[in-house]
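If you read the sequences in order, they're chains A and B. Here the first sequence is numbered in the numbering used here, starting from 9 and rising by one per residue. Here the second sequence is numbered in the numbering used here, starting from 40 and rising by one per residue.
The hints are simulated quantities; they were obtained by calculation from the structure and are not laboratory data. Ideal Cβ positions, reconstructed from N, Cα and C, are used throughout, including at glycine.
Listed below are the simulated DSS-like cross-link pairs for lysine-lysine, each with C-alpha atoms no more than 27 Å apart in a straight line:
{"hint": "1", "chain 1": "B", "residue 1": "Lys165", "chain 2": "A", "residue 2": "Lys280"}
{"hint": "2", "chain 1": "A", "residue 1": "Lys713", "chain 2": "B", "residue 2": "Lys140"}
{"hint": "3", "chain 1": "B", "residue 1": "Lys58", "chain 2": "B", "residue 2": "Lys165"}
{"hint": "4", "chain 1": "A", "residue 1": "Lys298", "chain 2": "B", "residue 2": "Lys165"}
{"hint": "5", "chain 1": "A", "residue 1": "Lys280", "chain 2": "B", "residue 2": "Lys58"}
{"hint": "6", "chain 1": "B", "residue 1": "Lys108", "chain 2": "A", "residue 2": "Lys298"}
{"hint": "7", "chain 1": "B", "residue 1": "Lys226", "chain 2": "A", "residue 2": "Lys624"}
{"hint": "8", "chain 1": "A", "residue 1": "Lys822", "chain 2": "B", "residue 2": "Lys140"}
{"hint": "9", "chain 1": "A", "residue 1": "Lys708", "chain 2": "B", "residue 2": "Lys140"}
{"hint": "10", "chain 1": "A", "residue 1": "Lys241", "chain 2": "A", "residue 2": "Lys505"}
{"hint": "11", "chain 1": "A", "residue 1": "Lys280", "chain 2": "B", "residue 2": "Lys226"}
{"hint": "12", "chain 1": "A", "residue 1": "Lys27", "chain 2": "A", "residue 2": "Lys340"}
{"hint": "13", "chain 1": "B", "residue 1": "Lys113", "chain 2": "B", "residue 2": "Lys53"}
Label pairs and their computed distance ranges (CB to CB):
{"hint": "14", "chain 1": "A", "residue 1": "Gly639", "chain 2": "B", "residue 2": "Asp42", "range": "24 to 34 Å"}
{"hint": "15", "chain 1": "B", "residue 1": "Gln48", "chain 2": "A", "residue 2": "Gly798", "range": "23 to 33 Å"}
{"hint": "16", "chain 1": "B", "residue 1": "Pro122", "chain 2": "A", "residue 2": "Lys298", "range": "24 to 34 Å"}
{"hint": "17", "chain 1": "B", "residue 1": "Arg141", "chain 2": "A", "residue 2": "Ala913", "range": "49 to 59 Å"}
{"hint": "18", "chain 1": "A", "residue 1": "Glu852", "chain 2": "B", "residue 2": "Glu130", "range": "29 to 39 Å"}
Here are some chain A residues pointing at chain B (derived, C-beta under 8 Å):
{"hint": "19", "residue": "Met182"}
{"hint": "20", "residue": "Glu287"}
{"hint": "21", "residue": "Ile294"}
{"hint": "22", "residue": "Gly839"}
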Amino acid sequence: MSGYRLDRSDNGGRIDRSKHLSFTFDGRSYSGFQGDTLASALLANGVMVLGRSFKYHRPRGLYSAGPEEPNALVTLRSGNRSEPNIRATEIELFDGLEAKSQNCWPSPKFDLMSINQLGGNALAAGFYYKTFMGPKIAFNRTTEVWWQFEKLIRRAAGLGVAPVEADPDHYERMHAWCDLLIVGSGPAGLIAAEMAAKSGANVILCEQHPLLGGSLNGTGDTINSLDAEDWAKSCIARLQAFDNVRILTRTTVQGYFDDNILQAIERVADHKPVPDPHEPRQRSWIISAKSVVVATGAIERPMVFSGNDRPGIMLADSARRLTCEFDVVPGKNITVFTNNDTAYLAARDIAKCGGNISAIFDVRPEISGEARAVAALIGAEIHPGTAISRTGGWQRLSAVQYGNYDFDKKRVAPQSHRYETDCLLVSGGWSPAIHLTSQFGGQPEWSDELQAFLPGKPTRNWRGAGATVGAFGLENTFISAAKAAEAALEDLGLETKPALIPEIDGNNFNLAPAAVFEIRREIKRGKSFVDLQHDVTAEDVRLAHREGFVSVEHLKRYTTLGMATDQGKTSNVTGLAIMADARGEKIPDVGTTRFRPPYTPVAIGAIAGECFGHLKPYRLTPMNDWHCDRGANMVANGLWMRPECYNLSGETVEQATIREARTVRSGVGLVDVSTLGKIDIQGPDAAEFLNRVYSNGFAKLPIGKARYGLMLREDGFLFDDGTTWRFSEHHYMMTTTTANAGPVMAHMEYYLDVIWPELKVSLVSITDEWAGIALAGPKSRAVLETCVTGVEMSNEAFPSMGVREGTIDNIPVKIARLSFSGEMAFEVYCGAHYGQALWDGLMEAGKPFDIVPYGLEALTTLRIEKGHVAGPELNGRTTADDLGLGQMVSRKKPFIGSILVQRDALMENGREQLVAVKSLDGQKIRGGGHVVVSSDSANPGESLGHITSACYSPELECYIALGLLKNGRSRIGEKLYITSPLRGSHSPVEIISPHMVDPKGERMHG
Amino acid sequence: MADRISPLQGLLIKGRYGKHADMDIASELVISHRMCTSLVQVNAWPDTDGKVRATLQRSTELKLVGGSKSPANKDYTILPVGPGRYLIEAEIDDLELQLRKRIVSDQGAVIGLSHARIVITLSGAKATWVLSKGIAVDFSPGDFPLCSCVATSHHDIGLTIRRTDDDRFDIFVFTSLARSFWQWLEKAAGEVGYEIE
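The shape of chain B in the complex, shown without the other chains (with noise of 0.2 Å):
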């Protein structure tokens, strides 16, 4: 089969940039992306989402703790994305078949968004500085501790972000609009300076 193509191939470069370029002094912000080889996404009915949390505890041997906390192991992460409402991020390539079978329509309904997102990584001391200059979320340890993840936009972009680290964030964009949301992030992150691992 034909390799999957990212909309950012060809602009993540490896290398330094911005304002630090030239220079040989740790990088404060390293950036890096992904496909998710499954990213799936599932809604419970109103009155299923405790049969679907189970479901989901039970095949990712994660445990949904409620609220934005967003549990993780070496295979899944789950992102509580909206009232009954999760993405599924997983290694394996049938995620989304697995779980139509054990979710069936009764109780909630399965959609493979494998090819609708890319992740988007910050890491570093800065990672939350340049976030912050166009995310309207306190990034904050104390609000957005560890595993938290939030579904917001930047300039009309959606973006569900997901706190990996102290200073790690997984930024889920769109695929049709990571372009555009690159050119920004390029762009703020050109004052601290950064590496693209």
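With the rest of the complex left out, here is chain A (with noise of 0.2 Å):
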């Protein structure tokens, strides 16, 4: 094949000759137009092989001119933008353009990879279960040696290569809903839009192309005394008009899911070097339609025959787009082979543009006066009932080899012709593009006319139009439309006018194609491929056959046909017949695999949309600037944002944590709380709702107190815990761990809705609302002293775990005293919005009394030294006895959990309970090491249990942690060892009780 540009004046198709654009493929420089795509421009330029196949590195040309093509795929751009396996049939052009071709090294033209072509059928169906699978059986390493060329296989066989840079555009959602989504704008979507828009009708009109008009751009029919073109323009401009319809191009539907939505990829940015500033790259529609009118289309399926896939062989409805839309002609000396009809339009717009059409072979013995006569107008001469046995040449097509087709035998005879071309054009019959109707569970019906699958009955509120129904013909296509549009209309309620269905002129060709796929030879010699990306051959069909993968599902699976980026859209109907013809079944009996999404290939960016560079949103407390300008190194903790601690110049995050830590041992810190959960509990049942909640009671919990609740889960773990204070007779504020929130919430609000219903109770989140500051230490009490106005602060009036409410430099606090550290402490909440002023004021209180801010991890470190648990030791897997509390669960009362706490399995002896490890090396201790026996680091023997929270102690000055050991709490004193095989560490330590710093409490409430 040796492509060339049409030398027209009239700027034919949609090209702009005046506009010249420069690209390079694989580093070399070529010209195209504005409006050319790289497949068409690379054709203009003469450049034939555009890549190497995926197995057997065959030289491979252009195929097709849309979405379905396998051959020509590129990797575009480069850096961080370069994206690979994008078909060039697809890629606008653009000035600057860089492409590279696929799968070859050094260069398409000639490949060191093709010696695989020296494989033969080494390389067949099933290469890879049965190289790199089986037993090692002594003497016979052949399976082993294998994997040893497993990677250098593996590489030689592929598509593109990803990059590992970030993608540095940016990608969108948007969401939309309309009456009526028309997926294609060819001639059944125009008509379908035109009759929805006039109706009122809110209409979204989708079309993947940068064009409307799909199959009308460039072909030779005419509509209403008009060129097919221009009646297109004609109509496009009429809905243009209409406020109530919307047009996408560039938009592909990728896919069709639950309650009629679907997904549509809008390449937005794709036809430029890079996106405008702030323009996304590419754009996530999710439009929600109450009907849908698929139109879109049908892709030409090639036939089968020895060196099928030789460039300068294409399909031949793709060479008419080129030669018509961009003024490419594929080759000087153009041939045709058909079953069908459509292969003598093609022809005839071609011969029409000015392509030179020298021969028709046609499988079909009888042919009709239509075609005949396009074959005589264009001076073609037919072969009717021949057939192409084989190709010659090698990177370009240089002559086929045709004789007389049996039909009975299903055979070409052994007696051929050669004939010289450089371009042969190729049509199988056509296969409607039911991929979204099939994608919703319509089952595929076969049609013995057709020689396709139909989508089968709409299971959701769609309806086909045009050749996806097998409508074929601008005529069935334009009556077939306006049914669809009209019960779709209907459906809506929505007032139809009778179509005005167009006239057209002199198109009545016998579209139904003979039903021959495959020529096959007396002499197998040569491959003939059936999924030219995948390299999947009429053969390898056969062997899935022969050795019993006869089923659709099985055959995809082992021979890959119909897999890789183009979803077998050329290949799959052929690779069923061949199926069938071996099983001695129909087509239909066969069966067909279903489709899913997406349609076309998306990229990963258009899916994550605008969830790039995390996953879940970020939540911040009010003072979260003042911590990052004092340079805390924020760390995540659930969606929070969290101080991890407060680094002077030069120190160390666990100098820092020390320092912190002995800061509120010794004077008084305060640290952010604001990210604990906040419940707002309110009503008459609120007591009681509580009481059931809680394991430990809460009815009789006094007004201007809080108390410290446990939760259970319905099977008896441990759920949460936290403290609930109470405000008035029925209000109460619950907090709970900061990640735990949502879940507590979400467990409260499931019993009230489903299993109390009768209880009138309030659950309201008030995270946001409150700003929350712990203050701890032997001081906090002074400092609140001279900042808090309202509340008397003596031991006596305000007792542990007593609840105020006052002022701070006038903005309203409530105070409670609580202590997670071990020492006196009192947790300061205000409005949220006040929280940064309130912590102002805290921090200029606690000047005299050198007040430090503290983090998360010299609360941990308080927490851990006093032996509170938290997230880990609560672990879904502890029971409130496991931890040292089971005190905390009342025999008195029913709450949720109370029956299954009592199950034996959470009762016996031999659970795993809370201790304390003090390390006797001076070593760190790791969390998630385990507490075994023996000393030997080698042979660590059974594990009794593990870390769960460690740290080094500012007050015993040793490392410690807590830990969950089998029977721990008899085990205090032992002395045993911490292993962690994985990080390298075997350290000796003593089991001590958990509540290492003031185990009588003396502190907090003194």
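From these two lone chains plus the hints, build me the complex, please.
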């Protein structure tokens, strides 16, 4: 094939000859025009070999002009914008475009890996399964040897390479609603859209190409005495004038999901070198459509014959599009091989534009008068009843061999004739693009007449139109689209006017193909490809049959037929036909695989949308900026960002943590606890509700007091802990752990809504309403005494677990005397918008007491020293008794989990219990390390438990940890080992009580 | 008393941004934000919704017509956010206190949320386009007419959205998530260009 650009002065088709564009392919510069695709521009420049095939590394050229392209996959752009496996047929040319061929080295023309072709049948179907799997039998180490080659072989067979750099572009989502979504803007889509627009329906029309009109562009048909393209333009102009029609070009509808929701990808800026500033590269449309008209057309099928993959062989209608829309003719001496009349229409249009069609080989012995008339008109000789048996040439087609075709034997006669040609256009019939309808469960139905699968019965509110439902030919297309639109609009309750079906001139061809998919020869020679993208041959399909992989699902997986980026758009039906022949059954009896989203490959970025660089949103406390300004290292705690510690110059995290924790023990520190979950609980039954939710008693909690509570799951395991404050008779505030606020809220709402709907209780999250600051340390009360108004701070007036209301710097505050650190401590809450002002006020008040802020690490250190449990201990597998909190599980009242907490498994001896451990050799204790008896690190023996939380204790001046140990409470005083083989540590420890600091609580209560 | 500090303080600076930042053409999207003087949620019990609605109507001189219609006058806005659940925004400081006096615990619960949300306002011809990028709500006037409100979410961020004019929307955002939401909004709005008031 020697493609060339027509020398036309009328600027035919969609290209603009006044705008020259430069681009490179494999580093070599070429030029094209505005409106070209990369495929059309390369063909116009005579570039015939665009890449190498998947397994055999055979030279491959352009095969189609649309999304079905199996061969011309390139890597587009470079650096962090490089993107592999993009179809050259779908790339709009822009100035400076860079593209590279794939799966070849050093170039597509000379590829060292083409040596694979010498492998013959060794690389046939099941190669990987047969080669890399198998027993290791003595003296037969073949499988093991192959394992050594596996990486090399896998590298040799493949597609493009994904970039490792972060994508610099941004992607976004768009939600849209419409009465009628029309997929495809060919003749069917346009007629349906205009009918819907006139009825007042809210319409979205999606077209995958930049130009509306689909198959009407460049066709030689006439509609209402106008060139079809002009008729389409006038129709599009009318549509664009409607306010109720949204037209999306460069937008491919990729998936059809529940509730008539469809996803479409709009390539907003892919036709530019880089997106404009602030412009997304692609936009994922989530379209909720009351009804859908699927007018996606059909995809031409190839014919399978020996050497059918040579550059220069391509689909007939794709050649028509290249010629008529881009002024690029795929060869100088073009021949056609077909089993149907549509190839004659393609030949007619190509010849009309100036292409030279010399011969048409048609397997059908009888050819319609209309087709013969076309051949006569364009001066092409017809060879009825013949088939191409093989082809000649290497990197481009040079000749074909043809012979008489015997329908009974399904073979071409051995006697063949040579015909010189540089381009062979093939047409094996058409496969309606039923991908969207099939995705949503419509079982495809076989049409004997069309030799194709048609959409099955709609399972949702969609209707097919045009070639999608097998209505080929313009007149049939228009009639079917009008019916589809009318039915859809009637369903929507909209008034429709009878469609004016345009008059079509001269299109009475027989579009049904002969049932011929493969041209077999008596002598097996050369490869006949079914799936060009995955190098699956007709013999592979028969091999799968011989080896027992006869179902379509097994066929697909064993041979990889229909996999990869084109998902078998040109190969599925042909592969099924060959399998049906091998099984001696009809094609519909063999069945077909369903399609799944997406219709064409989608960039991961388009799926991620705005979730770029993060999977979840983040939450910030009101004091976040202060923490950041002080150089705090912010770490994620659930969705929240919290300060790890406030490092002074030169301090490590551990040093800062030790300094902060020591200051709290000896003086006073403050920590941002705004992240704690807070739930407002109100109602006449609030006390009863809390009493049922918590394992300990809450019915008699006095007003103005807080109480620590344990919450169990239904199965008796611990769920969460926290304090609940009582403000008035029917008003409480519950605090939860930071990470568990959402689950606790959902847990309680479930019980209120489903189990106890009779209780009058209101639950509202007020986590964001209140900023929280904990002051801890022996001087915390003194700090508050200097700044709080309206609260008597003495030990008697404000005892432990007391709750008071007052003001600090006129800011209304709620204060509770609670301690997580084991020191005297207070939690001070105010409206979130005052949070920073309160923090500033407390820092100022604390200056005389050398107050310091402390972070999450010091908070953790302090609670470990005190033996207070947190998330690592409340891990969903521990009970209250395991953690030494058994006395908080009431035996007098029912509560959530009260029955199952008493089951044997949770009461038996040998359960892991909370203990603390102290390092005996000064080594750091690792969280996750296991407790063992053996001193032998190489043979540590059975694990008796594991470490849950670890730190350096400034108070004990050694490394300590909390852990869960079998029968732990009875082992206090024992010397054991903590082993962490992955980290290479094995250290002696002593088991001690978890209450390492102030076990009597004198500091807290003092 | 100290000034209240918005979580978006320092981020929403008056000016023009995005696509038309340097061009002298009318902006099709204007963004502003406010902290609520008072924002209170009232939850009625299943058998007291009528009474609570009557109390709210008397207190605010607004008529609750049902559904998601969110009535407003110069002093009050009521956003029905669920069955028997109402958010009330007002330009008075002590709304929570006033409502607590009128709605006792036998009738319902009154919860102060003045610090729990901030309100971001989008107005202009492109407001719907930008909102539709992240929020799965049909904002067409037919489905979401004037004074409609909806409780929805964007990327796990709970939002309450109210249409206050043909092309104007109030978005009630959780305070702690406001910056995360703003980060998305400024990116989404950049494509069409926007002005911060």
